[in-house]
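As they're listed, the protein sequences go chains Y and U.
Under our numbering, residues 1 to 687 are what the first sequence spells out, in order.
Under our numbering, residues 688 to 1048 are what the second sequence spells out, in order.
These are computed hints drawn from the structure, not numbers from a lab.
Some hints here could point you the wrong way.
SDA-like mimics (lysine to any residue), calculated; alpha carbons at most 25 Å apart, straight line [as the list claims (entries may be wrong)]:
| # | chain 1 | residue 1 | chain 2 | residue 2 |
| --- | --- | --- | --- | --- |
| 1 | U | K808 | U | Q905 |
| 2 | Y | K156 | Y | Q242 |
| 3 | U | K845 | Y | E215 |
| 4 | U | K808 | U | S764 |
| 5 | Y | K241 | Y | K63 |
| 6 | Y | K310 | Y | A211 |
| 7 | U | K808 | Y | V365 |
| 8 | Y | K388 | Y | K679 |
| 9 | U | K798 | Y | V506 |
| 10 | Y | K388 | Y | L408 |
| 11 | Y | K241 | U | K840 |
| 12 | Y | K388 | Y | V212 |
| 13 | Y | K310 | Y | G119 |
| 14 | U | K798 | Y | V147 |
| 15 | Y | K310 | Y | D530 |
| 16 | Y | K233 | U | R843 |
| 17 | U | K808 | Y | V217 |
| 18 | U | K845 | Y | V147 |
| 19 | Y | K347 | Y | I589 |
| 20 | U | K798 | Y | V212 |
| 21 | Y | K233 | U | R806 |
| 22 | U | K798 | Y | K679 |
| 23 | Y | K233 | U | R858 |
| 24 | Y | K63 | Y | K156 |
| 25 | U | K840 | U | R858 |
| 26 | U | K845 | Y | I589 |
| 27 | Y | K549 | Y | V365 |
| 28 | Y | K241 | U | G868 |
| 29 | Y | K363 | Y | G284 |
| 30 | Y | K310 | U | G857 |
| 31 | U | K710 | U | G836 |
| 32 | Y | K233 | U | G836 |
| 33 | U | K840 | Y | W228 |
| 34 | Y | K679 | Y | K549 |
| 35 | Y | K233 | U | E833 |
| 36 | U | K845 | Y | Q229 |
| 37 | Y | K233 | U | I802 |
Only a predicted model underlies this, so the values are computations on that prediction, with no experimental measurement involved.
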Amino acid sequence: MIAQEIRQPVIWSALAVLALVLWLASGSIDALAKFPADWVLAPTAVMNAFMERCVELFGPAFKAVGWVLEWPVRWAQMLLHALPWSVIATFFVLLGWFGAGWRLALFAGVSLLYMAVIGYWGESMNTLAIVLISVPMAVLVGFAFGVLGFYSERAKRIIMPILDLLQTIPAFAYLLPILILFGFGTTVGLVASVLYAFPPMVRNTILGLRAVPGEIVEAGVMSGTTPWQLFWKVRLPAARKQVLLGVNQSTMASLSMVIIASIIGGTNDIGWEVLSTMRKADFGASLLAGFVIALIAMALDRITYAYAMKPKEIDGPARSPWIVGGAVLLGVAALSLVIPALNEWPKNFVWNPAPAMNAALEKAVVDWRLWIEAIKNSAFFYVMLPIKIGLGQAVSPFTWGFALTPMLKAGYAAFVLAAAGWAYFRNRATLASLILLWGVVSFIGLTNTPWPALFAIIVYAAYVTAGRGLAIGTALALAFLILAGVWPQSVLSLYLCGIAVLISFVVGTAIGIWASESRIVSAIMRPIMDTLQTMPLFVILIPFVMVFKIGEFTALLAVIAYAIVPAIRYTEHGLRNLPGEVIEAAETIGCSRWQMLLRVKLPLALPAIMLGLNQTIIYGIGMLVIAALVGTNGLGQQIYIGLGDGDFGVGMTAGIGMAAIAMIADRMTQAVSRRRQEKYGLEVQAV
Amino acid sequence: MESDVRSADVKLSCRNVWKVYGKNPERFFDGRRGDVGTEGDARVLADKLRENDLIVASANVSFDVKVGEIFVIMGLSGSGKSTMVRCLSRIVEPTAGEILLDGENLLAASKRELIEYRRSKMGMVFQNFGLMPHLNVLDNVAFPLEVQGMDLKDRRTKAMEMIERVGLSGREGSFPAQLSGGQQQRVGIARSLAVEPELWFLDEPFSALDPLIRRQMQDEFLRLQRELHKSIVFITHDFLEALRIADRMAIMRDGMVVQIGRPADLILNPADDYVREFTNDVPWEMVLTAGDIADPDRPVVAGMGQVSADTTVDLLLPYLANHEAGVKVNDAGGNYLGAMNAMDVVKALASGVPEPVEVMA
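This is chain U alone, in the form it adopts within the complex (with noise of 0.2 Å):
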């Protein structure tokens, strides 16, 4: 899966990035080589390093962040994915490993590139969102451009049309105390953009939000990720967000990663119990797609209607209900991909049926 893609595509590369919190753990690795071998190698480490009471907050996480992408990075509490979004831009410094950022290690940059980095190329938006509380909304936006040392004029006209593209305009003298939770975020998010960064880091920006606000925000977030085309990383804990949101997404454990894939990928083949888990919760129909199901093999009938491969299951179940023949699947480019009748839907979302009743004969 990862082996298409040409290195050209890819913005940011984690690669066997280990951090480790306690006393010296350097000693465990050959000088900052995260590379220790395989999977299970990196497991036996890992217990190692437990059993010598130091804590491993992330182990061996590679993966790879693709221009324009929304990489999520899913796990509960305590699993290492806030760490881990840390390490990318050296807030935390990883114990060993590599970060490539446009192919040039990251951890090799001295503490004024790395500034230089921060300034250039990164923004972030965190949790709490991390708002200055003495600044008003727009010195709060126009806070990345003033440690730059861009005038007040150029910042304040930079920082105004941040506010305007997240929805604020009016509220700039307001001071981050004054607004709403959604409000905020929406400051935070500003902030992070005002530097026009190419890598976004958002960690569980919506997280400390009620329910509805959230939805609005990811909407929001996915309409502003259209018009801008970052690569982005994101973090959260809600294995529904990760869905509606991700391109691909890693779901980690304990520090390490268990899987890496489209949202789909995960759900029709988890990689083991603990990813089945999650996908139970999950209404497959609105996640599967046409695509997932279309079989190349099944035979077309003239009359067959046709679908975009991306149209989500649930929205073809009218019409599978009346058609008993089924639909035809075309790609984005209008090729077609094979057909789908109501049986293939039934098939694919039996498979995620963990407890089946037993059916007496």
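Next up, chain Y with everything else stripped away, as it sits in the complex (with noise of 0.2 Å):
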């Protein structure tokens, strides 16, 4: 038995051992570099025939509810094409008017006229009308399933796992099941947009009934009410607020679906254009498009969210606004029925910049050439070749300028040894073990290293940070990566995303840190991160693949300009929500703000930054996937192989993966997040 205090350090050392090893002798055993292929078991076959199976069975049943569901939606798109668009906008900045002032109004009228002048009206309201019918289902499901969790402690048992596994498992990759059983049409749109988006009601809907303060359940009780007076007339409207934002995240949710599913196709609305435009290289009208879903989404988002933080009024004026909104629509309803113009937009009034902007693009990237090209190769060369296949290979003389000679490897050694021995004999022993370990892998690159060792470390890793039950989770989830054949995908998603985390983790907590330093930076991070978490996460994709074409190093970027938000959130909000105390205690002790931030805030802090930390990775693996669209080879493209050749086996298998590896980063780093809140006894709210 080795004692508690040198185990840690000597199995990270037997690690790296281990790769090194095992590296060397893959070389002679095919078996240890590659997964041998006779070996893997094949679940696609067995899900293929299971999903063949239930489409014998239960097809015509899907079919048939899809038909029915089907119809909603075309009346929503019949009522939205019917209805004069002058009445639609006004309709808007009425609700934004009444919702939160005139700057929402403002807000919503210009957004809707942008749709108008750049000529998406039509497919803006496709996109809208599945909306439409599908936030009142996923809120109404959601709801009578956060009341059934609320009130039966087995019920909500139940429903949780559900939840984390709908909101976990990548979007893409569950609307393949619902392709396979609805068929090709609308309804696949809409089924997916429900099941999506009604997780966050439940959550909220059970979060806001239980933090209804007892007292006041309790004066209801002594007010003598009946248990269903008692849940309308007490409960449901305490928890009022919360249940509302489940609306608000509902909505988000379900549009950011639609546009997802927009990807089968056929559907004529707006995310459609901005991938068929995407495909088309005509990046001027995909960012058009793109702009148009950004301001629904922010349009949606602000409105809901003004309903939900309203405070409630007497009930005494509160109806006449109503009275004389119906009567303004009436008034414009009655005026585009005499000018044309008010009821169809004009066609020559249409505004196309696109060509245009295509034009001026061309030309930028053809004037910033060799900046372009220098920012590439340089991050793909000097970061994201030796991390994926080692400093071994990615060091030749036309990436580096030199080669790896025996001396150069030797010196490399000597230098990893070094920084090693120096953290060991400054009692560090793990920081040296973990040194060795870093310089082992990034020799040898993460696509090289031999599966059974980076296994090992991996599970090794969740059990140091979570304990036994995750480690077997983890080896579990690993084995089913391995088995099913999708091992090399997996460490190509691993080494993308991880690239991307990290970069967004150490961007992203010095912006924090500095946001929390200075109000100005702060002010200037808020609404870009606003608009970067409520942009569905498609838009996101266009400008850098305008500028750096497709490629992983665009995927990268992409993926760092969505993960980077929580990392800079949490770590903000870390900073400035530290105990009031403490930080006067530190002042009268005489810090200096240095010394402040170093010594006291940061350490402080920590839990709050290890949940950015947590928030960042989950962010950086949902955007993976939509990532793939521009050229990535990991799990991601498998999820488009399987939904581009209805192969559900296959996608399947790398959604589950994915959803695996999200739930396992996930349960590391709250991990050592809620270690640290017990250790100071300080609790970290959600951002």
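Work from the hints to combine the two standalone chains into their complex.
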């Protein structure tokens, strides 16, 4: 038995040696380099057979349900197309006005006007129609399950893991079974968006109902309420804000899924417009359409949020605005009968700057070609390639300008050993062992690390951070990936996501620290982050593809752009919400600004920062799947292949794999953060 | 002390009530009988329950609340006092025992009957007010009437009346979040009185308020009670508050009642060291009354002044300082009870000094 305090460094060092030995051996033993193909269990065939059986058995039933569901969407589309654009625009302006005043009204008005001017009115309405039908369905379903989960502990224990699953499996992956069961059509988008949008409603309903103070409920009981009255007159109104926040989140989820679902095509909505123009490299049009999506998202978000946060008014005068609103709408409708331009946006008023934008972009890309190439190449040669295939292969005269001679190899080994030795003699044995491991893996490269070694490293990391339970879960999940034959793709995903998360975390934490110390930075960052977070993931891709074309680097940038947000948010939030007395105490003791930051604030904010890392990883994995659209070779690509071929097994295996990786990363980082929180007696609120 | 109370005068009677949390605590009680024998037997059972990983919130609690009296339950946090008051209205279901309201067993009432009791006979005030955040003051106060199905106009008239009574006229359109703590508790009080209950429960109603406001609210509460004559169960952890307010009080510890009596009884004859600890902090002269000290055997001297029995001792000190012979004490009806002098007061106060200084010979 090794003593507790040296067990970790010894095991890490052993793992480093194991990786090195197996890598050396893999030259002669193929089974080490690559998991032998005939050991793969091929669950895809079983899954496909299962799915076929399902379609045989339930196909007609699903088709029937799909047929029924299609009608409300059609009606909504018919309604939105039949109504004059001016009436719909006025309606949104009024919604914004009553919700939060003239600013929101203006924003809503400009957004809708933009859709008309740019000539995407019809497509926008098609998207809106699906959202219009799916949100009430998701809200109703979510509310019902939420209430059930609130009253019955047993129901909650069944519902919660299902929600976890629905929210961690990449959205694309479960388009697949829906597509197979329901067949092509708008129903796929509708069903997918309801499935994706109801979990936040469940969570918020349960959360809200739970948070109602006991005394309020007791006051209700003592007033002599029946159970029915207690729910509708006391619990629900007291939980109103949280429940409405659920509606807000459901709406956003629904929209983002509707956009994602347009990938299966044939819907003529705004998401399809973005995709098809992107595929044609018509980036101007793609950006313009993407902007429509961003505007819809922001308008819907702000409006539903405003209604959730709005205090309830005394019921007297609150009715009159709606009467005024109705009158205004009727007035506009009457006017549009007289003035045709108010009914349908005139064709010659449509302004299409896309060709001009494309030309400008082309010119810019040509003009700046050298710079763009330089950025791309240096990132690729000096960061991405070494991690992917290892320094051993990445360093060559072509990339780094010199060859890796045995001399240099020895130098590298000496450097790593020296660094580890230095750490060891500073009494940081664990750090020393981790430096060793890092040195070995970066020389071999992530994709070249023999699978048994990588497997052992990840499982042990899970054990160290979160204990035996997670280690077993991790081992099972990794075994699934290996046996299902998607290990190479998983490692590729791990590599890309790993780099993105690392960069997002480092840069994001730095920005977060800066924002916490400077009001101006904070004020500048906030709207940028809000926008990045409300924007459907798709749209984030567009500017990067425009400049850097398709490839891993573009995907990396897109993932970073999205995943950096929580790192910034949580760091700033954590640093700004420290116990005031501790800061005052440190000030009284005489800490300088830097001492305060490094010695007091950062250590105390560590739990919050760790939670930020957790969210960064989750966001990164979420975006990775979308980023596969612009050329990556990981699990995301597998999901597309599955979706493209209608191959349930392939898509689903990759989807489950992604979800498994996300869940493992989630549990590991959560565990670290929770341990810190308990140690400090602090509780970090989600931002 | 309890025996001389005719049962007709008792509004609410709590008999051997137990509340035990945990897995299936009923197995330790025969049916719902809480009468497990002597006080000692009850203590043994409570210990046994705790050994079985059950949580005993209240154990073998018995007391009577008389019509029109303020009965205070005093105890530190975790003593089971809040659980107890919730058992009285069955917000918390007692594990065993009996609760008699006007002689009828509340624990035998059906759910429907219980709702009816709460709608007509009980009102409750909460420590953190328990106001509905989504209703304004008027609708909060009218809420108990609303759930009974009273129509809008009637219930608002009634609620306005109550709002006036607690001095909040003009704020009826405000929402709870816009009011100060003291104002919020006034709303809570008005709401609890809206159905004109006979039984009024107050669970630490003034604990969340700052000391000045607390004092004010206590005075207002006593004023209201003088007008309304409710039968009250008042919970507090503040011994001084209990002394100010109580007609009678019970001290609870670890779920059990340690002592029941008038405030002066507790001070003069504390049942054990636990009660004595509380009385140490009390300025006795402000609690003891002439009636507590008056001695019927003391000779009456001509020219002695006379005071009523409920005069507190502190107010008598200046007179006694100047009149060595003392003062006559009469009860409320003017009947002679006894007499007292300065030495009697010193002796009574001396009995409460826990660690007297050693005086050199």
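Cross-check of the supplied hints:
| no. | hint | result |
| --- | --- | --- |
| 1 | U/K808 x U/Q905 | holds, 23 Å |
| 2 | Y/K156 x Y/Q242 | holds, 18 Å |
| 3 | U/K845 x Y/E215 | holds, 24 Å |
| 4 | U/K808 x U/S764 | violated, 28 Å |
| 5 | Y/K241 x Y/K63 | violated, 38 Å |
| 6 | Y/K310 x Y/A211 | holds, 19 Å |
| 7 | U/K808 x Y/V365 | violated, 82 Å |
| 8 | Y/K388 x Y/K679 | violated, 37 Å |
| 9 | U/K798 x Y/V506 | violated, 60 Å |
| 10 | Y/K388 x Y/L408 | holds, 20 Å |
| 11 | Y/K241 x U/K840 | violated, 29 Å |
| 12 | Y/K388 x Y/V212 | violated, 51 Å |
| 13 | Y/K310 x Y/G119 | violated, 34 Å |
| 14 | U/K798 x Y/V147 | holds, 22 Å |
| 15 | Y/K310 x Y/D530 | holds, 20 Å |
| 16 | Y/K233 x U/R843 | holds, 17 Å |
| 17 | U/K808 x Y/V217 | holds, 19 Å |
| 18 | U/K845 x Y/V147 | violated, 34 Å |
| 19 | Y/K347 x Y/I589 | violated, 71 Å |
| 20 | U/K798 x Y/V212 | holds, 23 Å |
| 21 | Y/K233 x U/R806 | holds, 16 Å |
| 22 | U/K798 x Y/K679 | violated, 46 Å |
| 23 | Y/K233 x U/R858 | holds, 22 Å |
| 24 | Y/K63 x Y/K156 | violated, 30 Å |
| 25 | U/K840 x U/R858 | holds, 18 Å |
| 26 | U/K845 x Y/I589 | violated, 60 Å |
| 27 | Y/K549 x Y/V365 | holds, 10 Å |
| 28 | Y/K241 x U/G868 | holds, 23 Å |
| 29 | Y/K363 x Y/G284 | holds, 13 Å |
| 30 | Y/K310 x U/G857 | holds, 24 Å |
| 31 | U/K710 x U/G836 | violated, 39 Å |
| 32 | Y/K233 x U/G836 | holds, 13 Å |
| 33 | U/K840 x Y/W228 | holds, 23 Å |
| 34 | Y/K679 x Y/K549 | violated, 47 Å |
| 35 | Y/K233 x U/E833 | holds, 10 Å |
| 36 | U/K845 x Y/Q229 | holds, 21 Å |
| 37 | Y/K233 x U/I802 | holds, 15 Å |
This entry does not satisfy hints 4, 5, 7, 8, 9, 11, 12, 13, 18, 19, 22, 24, 26, 31, 34, going by the numbered hints stated previously.
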